[in-house]
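Colleague: Residue numbers (the working numbering), protein chains in the order written: chain P, 1 to 126; chain H, 1 to 126; chain E, 1 to 126; chain G, 1 to 126.
There may be inaccurate statements among the hints.
Rough simulated footprint, nothing fancy, chain P against chain G, three-plus residues with beta-carbon under 8 angstroms [stated by the list, open to error]: (1) 37–44; (2) 59–66.
Pair ranges (Cβ atoms, derived) [what the hints assert, rightly or not]: (3) P:E124 - H:D101: 41 to 49 angstroms; (4) E:T16 - H:N90: 51 to 59 angstroms; (5) P:A44 - G:E73: 28 to 36 angstroms; (6) H:E124 - G:T104: 57 to 65 angstroms.
Derived by calculation from the structure, the hints in this document are not laboratory data. Keep in mind the model is a prediction, meaning the values are calculated, not measured. Don't be surprised by glycine CBs; every beta carbon is placed ideally from N, CA and C.
There are 4 protein chains.
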Amino acid sequence: MTSRREELASRYFNCTERERAVFEAGIKLGTIYHQFVGTPVAAANVDILERAIEDGVRVQPFVKDVRVSISREALRQKKDEFDYQTLTGNMLNVELTISIDRTTVIAGMDFKPDLRYPLMYVKEIM
Amino acid sequence: MTSRREELASRYFNCTERERAVFEAGIKLGTIYHQFVGTPVAAANVDILERAIEDGVRVQPFVKDVRVSISREALRQKKDEFDYQTLTGNMLNVELTISIDRTTVIAGMDFKPDLRYPLMYVKEIM
Amino acid sequence: MTSRREELASRYFNCTERERAVFEAGIKLGTIYHQFVGTPVAAANVDILERAIEDGVRVQPFVKDVRVSISREALRQKKDEFDYQTLTGNMLNVELTISIDRTTVIAGMDFKPDLRYPLMYVKEIM
Amino acid sequence: MTSRREELASRYFNCTERERAVFEAGIKLGTIYHQFVGTPVAAANVDILERAIEDGVRVQPFVKDVRVSISREALRQKKDEFDYQTLTGNMLNVELTISIDRTTVIAGMDFKPDLRYPLMYVKEIM
């Protein structure tokens, strides 16, 4: 991103750098879920879909790293029945690193069996 | 939301209540943008679309209040040409209040002329 | 829609009026599924979400009528567990009427137990 | 796709093979627009996004071929300003071939200057 743009944008924020970094992490996880849930997925395109989601996140501001994996187990179960399905939140496993100046946030989204849904959460702030 | 669910989920978070509240605000703004951009919109359905986006956000955890408005000016400009268009981020104006225990976050998304894009930002943390 | 717009657009089509009407039905069903799957839904917002999807379809060209219902059974099952979930294709039941001049197409999308997925199909052409 | 699934599904259709093929083309174009509009896109990820959209379409039934290109001109114009943007319908250029038994449909979606919006249309039925 251009520093000029970030400089202009930062004037609108009324919070600390840590809080900003956590906010940006939340935006990216909401983006992944609600942009890509519903996408057709099968064994034939699961690898490129993972890479495309990752690369779509990487072009957004403050993303230092991201890893997206889609459950092969979920694909296999369905494959016995039919050819393809559409991406659900339960299939997603994401780890995201946001970096703003001296702050780094590691956040994730993955299915938690005790909650029975895919949780978006803050793993660590450094 | 059920307190049992929130209790279970909170054990996965490694941050303060303020940081959690800001993270939740980011998720909701990312959700609004990436779920609803692309929806067909015209004068005839703009009111119900605003209400449906608001009510969709309200069922999510920790949302105390939300107000969504879609630019009528953008709709009017296009109406001279054609009957309908699809929702873009530039048309959206959102104000969101997240509340977790003693923390309240007010966040927003709206088009900033100096940035020339719709900014998601933290207005205030109380 | 304006007749001027439709007149200009129709010159690009190389098919009969019946085929055009069926094509438009397919577009609308693909739109419903891929625009709205993933939307947060609970007992509190299911009615307005149904109306908003219907009204979003109605602003599109050639839509004479549309009825969208979201499975209350699916919401109830989940409600025992948690507060809200996100819309899936399996919850959707849609009936759509497309009308172009003297042709009317009735198309639908609903979960078929024998197929175990939500089928989009042409019910009748008149 | 499995022939068993298609056999079961075909019983629900009340139209000719040609009409079915055109209907399937409409579904796929509606899917592309409403699933992927809003995705973050920049010079760095435009190639993989094109491939991922194509491969997502290819896993769907009856798709014989598909080519998706995203306007580099649109990306360049914006690049002067900021780092990234989100995909709009106007940037999309799609050509899709649907094949069912002896019927082939070529359909497309691309921005038409005279209409000032991206038109989905039937180019040819063979």
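Colleague: Hint by hint, note whether the structure agrees.
Modeller: To see whether the hints hold, each was checked on the structure:
Only residues whose C-beta sits within less than 8 angstroms of a C-beta in chain P count toward coverage, and the region 37–44 of chain G has 6 of them, enough to reach three; the restraint holds. For the region 59–66 of chain G, the proposed coverage by chain P is satisfied: 3 residues have a C-beta within less than 8 angstroms of a C-beta in that chain, meeting the threshold of three. The hinted window of 41 to 49 angstroms between P:E124 and H:D101 is violated, with their beta carbons roughly 22 angstroms apart. The supplied range of 51 to 59 angstroms is broken by E:T16 and H:N90, whose beta-carbon atoms lie about 39 angstroms from each other.
As the Cβ distance of P:A44 to G:E73 is approximately 31 angstroms, the hint placing it in 28 to 36 angstroms holds. Range check, H:E124 to G:T104: about 59 angstroms between beta-carbon atoms, so the 57 to 65 angstroms window is met.
The structure fails to meet hints 3 and 4 from the earlier list, while all remaining hints are met.
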